[in-house]
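Join the two chains, each given in its own frame, into one complex according to the hints.
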Amino acid sequence: MPEPIAKVAGRALPLFADDVDTDQIIPAEFLKITQKKGLGRYLFYRWRQGDTEAPENFVLGRPEFEGSPILVGGRNFGIGSSRENAVWALLDYGVKCVMASSFGDIFYANAYKNGLVCVRLPDGTLSEVRREALAGALDMTVDLPRGVVVYGGRSVPFDMEEHVRERLTKGLDDISLTLSKHGEAIGKYEAAMPAFLKVRPAKVL
Amino acid sequence: MGATIFDKVWDRHLLSDSPDGQSLIYVDRHLVHEVTSPVAFEGLKAAGRKVRRPDLTFAVMDHNVPTGDRSDPNPDDLSVRQMGTLKANAVGSQIALLDIFNPLQGIVHVIGPELGFTIPGTTLVCGDSHTTTHGALGAVAFGIGTTEVEHVLATQSIWMAKPKQMAVRTRGALPRGVCSKDLALWVIRNIGTGGAFGHVMEYKGETVERMSVEERMTLANMAVEAGARSAIMSPDEKVYDYVRGKPFAPQGRDWEEAMEYWDTLPSDPSAAYDRSVEFDAGRLEPQVTWGTNPGMTVGVTEAIPGPEDFEDGGARAAVGRSLRYIGLAPHTRVKDIEVDVVFIGSCTNARFSDLVQAARVVAGSHMKVHPSVKAMVVPGSQSVRRRAEEAGLDKIFRDAGFDWRNSGCSMCIAMNEDRVPSGKRCASTSNRNFENRQGPGGRTHLVSPVMAAAAALHGRFVDARELDLADVGE
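Going down the list, the sequences are from chains A and B. To convert, note that position 90 of the first sequence is 105 in the numbering used here; the numbers rise steadily by one, no gaps. To convert, note that position 117 of the second sequence is 124 in the numbering used here; the numbers rise steadily by one, no gaps.
Bound conformation, chain B alone (with noise of 0.2 Å):
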């Protein structure tokens, strides 16, 4: 029987395996961000130890940094405090920081791809749940809590019983006007939000294949919120092409060595998983989310569910629940619904080629932004807002009458000062629609970056597949 990428990776990095089915894994990466650091930290120093090897650490500000003028930055107290307390830590345990001036900040899922700190074969934890994102590249990635942190920087490895696998095959090339994004939540509204729970995703077949690099960190990232411990896909050529000339990326003959191993990554085709899935993305049509949970998902052209459409009592309370929040009435078409706030951001789809696709509905529409909306670009890193600044992209966005940001996770989290006010509906390339994750009262829809664009300017959600998209960016 055949290993798959995570049976390959999982036993290079084994240090030791416990009786008990816990096993000792080596952590060739470690990012760290202001938020879920610091008691880590603080746990380091009360108990007198050092940080093992600040030469794989990497840390960035990304949580609450304000989006707004860099200049003048006015954040909190509290996220002042926060970000020092980084920085101190940072500095004194000579790790590299990406502070909130340095012109290659940005949010951590974006920078460690973007700057080579991610690459195939590695295992790389982060504390944050989206850290599946690494695992387009054919990293093998965990988001960890603060007591894990504080494990990894002292020890440079991490306790943990091997997940399950699950395959998830792809077919079909996704039509024009449909992401990588609809993939992700039609696959965790047909899985359910438990649905990968103890298990790693293996994202595979002709789908993920045709797709881009950065299309398939959005598939990653959203694996979380199916449950995943971990999102995995075989590298190939396009991963190559992406990581090579990185900053921190292997070169000259380490490139060459690197290569070698990676070759011997893909699955192989007679491996084994403990599940297996398949979707058809060739019929697929535009996601959105209308409840509170990623797992309620409908298509732009159908109407969203009524408490009476589910037959167990417990489902039926928690979608009449989520109805109240959000604020819609049962049964409600999509293209009815009205949006207030729109954000192009978060580590789910705020790279470069997400900014394109959303700036090619712009552009191609000829319209500006609806009065009744507000809406908000939030590159993924300053360095995809530079490249985007060159491209054009920004004008394109400003012109039309959306606010051009900063880099952060921003309004995905509200932590700064960037929130969807109560009350308000807001169309979000982010992975979560939780109660309240977007600003108290807040009502969120998950879309993709064109279907978010879309809704921008026409004040409501529209089929992104029947949208004129204009030829902008490369």
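Okay, chain A solo, but in the shape it has when bound (with noise of 0.2 Å):
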């Protein structure tokens, strides 16, 4: 169960690329660990690798970055697989909100449910953001009751849907809410099911 979430405050980690997929992320091969824990060290690890420039060139490899929990991206974050991993890698690696102007769908889903911030902001705010963070430090809060990202003295708002704010900042559990709430409704749902939309009982082992 994720904790409240009410800010994130912290160093800006500039990522120069749009259309990050979840492969890059985490790659494939790290999805046979079967926990959460300890994916951090996996985290984008074949641009942590030199896969395409030095490693000690990408963002992930500088000291000056080390501890930096928010990740600045550009567009498309989180596209492809829907590995849940994503989420898990990145906040074992510390990172706590990603900035981007959008996300993959399944990938945004995962981020609130794992407690992890998503902030939508224009591309011209992402690509001067990251500009400054490269440039310097550059220390960020993310205050989601107010729905603004503070930093070098601007006041910038974000959007985020309403249940996502509120899962965020109170840690809620899923299961035991909709249970609660909704446990009558699926099992009336249940009862009225009618045969033709069950699974026949077919022998196939």
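Hints may be right or wrong, so weigh each one.
[What the hints assert, rightly or not] The calculated DSS-like cross-link candidates involving lysine-lysine, where the alpha carbons are at most 25 Å apart (straight line), are:
(1) A:Lys213 <-> B:Lys169
(2) B:Lys245 <-> A:Lys213
(3) B:Lys253 <-> A:Lys213
(4) A:Lys52 <-> B:Lys57
(5) B:Lys375 <-> A:Lys203
(6) B:Lys342 <-> B:Lys381
(7) A:Lys203 <-> B:Lys57
(8) B:Lys253 <-> A:Lys218
(9) B:Lys381 <-> A:Lys196
(10) A:Lys203 <-> A:Lys185
(11) A:Lys218 <-> B:Lys342
(12) A:Lys218 <-> B:Lys57
(13) A:Lys185 <-> B:Lys52
[To be verified] Far from chain A, by Cβ distances over 12 Å, these chain B residues were calculated:
(14) His20
(15) Asp76
(16) Gly371
(17) Arg405
Please keep in mind that the hints were generated in silico from the structure rather than gathered at the bench. Glycine included, each C-beta is placed from N, C-alpha and C at the ideal position.
Now the structure itself:
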């Protein structure tokens, strides 16, 4: 069950890439691990290995960005595979918030269900933030109840679905909520479910 | 105003609307595999909860299964543990499971429809993004994350904001040698990898109506690569014929009642969509991806772009990076691209008709696999494999030098031993050309089964429209 989150404060970690797919966030070979803990070391594994640029140039390898909890990306972050391991790896690494102008739908849902804050900002704002973060340490605060990002004396509002904000700020557990509030509706649907919609029992074993 | 098929199925399964825009939807079918389920079962156990409806849940091992000799599988320890975990969870919760020794085992999105687990008018989820595939039969299908898998196991329902709806209207018949995969890539090329974020794509119109159900599955499968939350198509007689008699499908009186319900599902002509796009398939040419996302696609007669073809600085940088990864010079002609590996497989293109299409090229060419190419065929399921063997397709492939494997996700996700070696170039019928997707350093070009088979023979891309095709299969 995720902890309630009101604010994320800390240094910005600029990631200069659009269309970051979850295969890049965590490669498939690490999906065989059946635990959430310890995945941080595999975050952006190939990029950290120096796949496309020298590893010391990649932001995750640079000491000045160590411990920065706010990842600032670009467009279409978290597209592709549904692997929740991408979210777990980010959280285990210490990323608490990802900023992008758009997110893959499954990634976005996985994120808020695990207490990873996803903030949508316009592309222009993001590139400005990334530039500033690269030029020198940029401290930011994401204020969920107020719906603003504060940095460098500026305050930029962002939109977040009310239910996402509520889940994050209250740290709600979906299952107990569903069963306590909607158990009856589920039971009613099941009682009325026609035979033709059920799975016909068949021997396949 | 009329309703779409998505509206109709959604409304029937709607349990509750919350004021914040989230809806609770009943889940009729839940498919489970070894990679995204262990943490969900663990969470369930930790909270002292049980699987609510094992009878509506079905498990299969597919993602990291070995595709070599099944009598002596030798996967790595972690794979063994992951498969063992699924087995223990399935047995413990009384969920039917197809393990790697089961003759019906296969890729989750192949076996669902193939066994009649997927039927029109149901809601279906799976912890895998390519669950969009099942929409080809008129099911409302969503790929979900592991926390959601746990929620579905415990409650048989899912919270979700109702997606927006995008009509994808198609006209024209696919030209000879052009496949539904080419249309799928063409659509992504045009609307982009984020083009359908937040939407369910409803494919409709002439091109889709002309397609077989299996061709439609390829189209629905790739919808997620355009960012879609789901894909759907109105069921027709072809779908009924496809589903009829399948093991899990309704029979007898249930079948009659099911058809009565299914007849009500097709989208009303007056239904409204949030967005609408239109494509003419009649003059489509075979498509080949050149970069590191499925939107980076050109036609087989074209040259790939260069960074300077893009005005936006970000796009230019992304193209440069992709070209570096893929190891191609800007403006290389597609037909000049040589390949080292050919993979015919995956939930996108490894059904029986896909293998028939590929085998027609091989048999029609009287050629062997090019000496510098390593080519493999991985059937979508063991049932597909048997059927192909009965039709003699395996012989066509083997005689030409293709490796004929057992079923699994294989080189599409490279979690087992099937990988594209670093720096090698693969023509693949799979769905993702992301960096390292098919193995560290491996380079992927997504194509149709026809294009992949031809590339295996010629050692480079050739225009599938110009090939001799033999009659094989049925």
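Hint by hint, here is what the structure shows:
1. A:Lys213 <-> B:Lys169: 24 Å, holds
2. B:Lys245 <-> A:Lys213: 22 Å, holds
3. B:Lys253 <-> A:Lys213: Holds, at roughly 14 Å.
4. A:Lys52 <-> B:Lys57: 24 Å, holds
5. B:Lys375 <-> A:Lys203: 60 Å, violated
6. B:Lys342 <-> B:Lys381: Within the cut-off at roughly 19 Å; holds.
7. A:Lys203 <-> B:Lys57: 19 Å, holds
8. B:Lys253 <-> A:Lys218: Since the Cα atoms of B:Lys253 and A:Lys218 sit roughly 12 Å apart, the hinted pair holds (cutoff 25 Å).
9. B:Lys381 <-> A:Lys196: 56 Å, violated
10. A:Lys203 <-> A:Lys185: 29 Å, violated
11. A:Lys218 <-> B:Lys342: 49 Å, violated
12. A:Lys218 <-> B:Lys57: The given pair, whose Cα atoms are some 23 Å apart, holds under the 25 Å limit.
13. A:Lys185 <-> B:Lys52: 24 Å, holds
14. His20: 8 Å, violated
15. Asp76: 21 Å, holds
16. Gly371: 35 Å, holds
17. Arg405: 29 Å, holds
In the structure shown, a violation is registered for the earlier hints numbered 5, 9, 10, 11 and 14, in ascending order.
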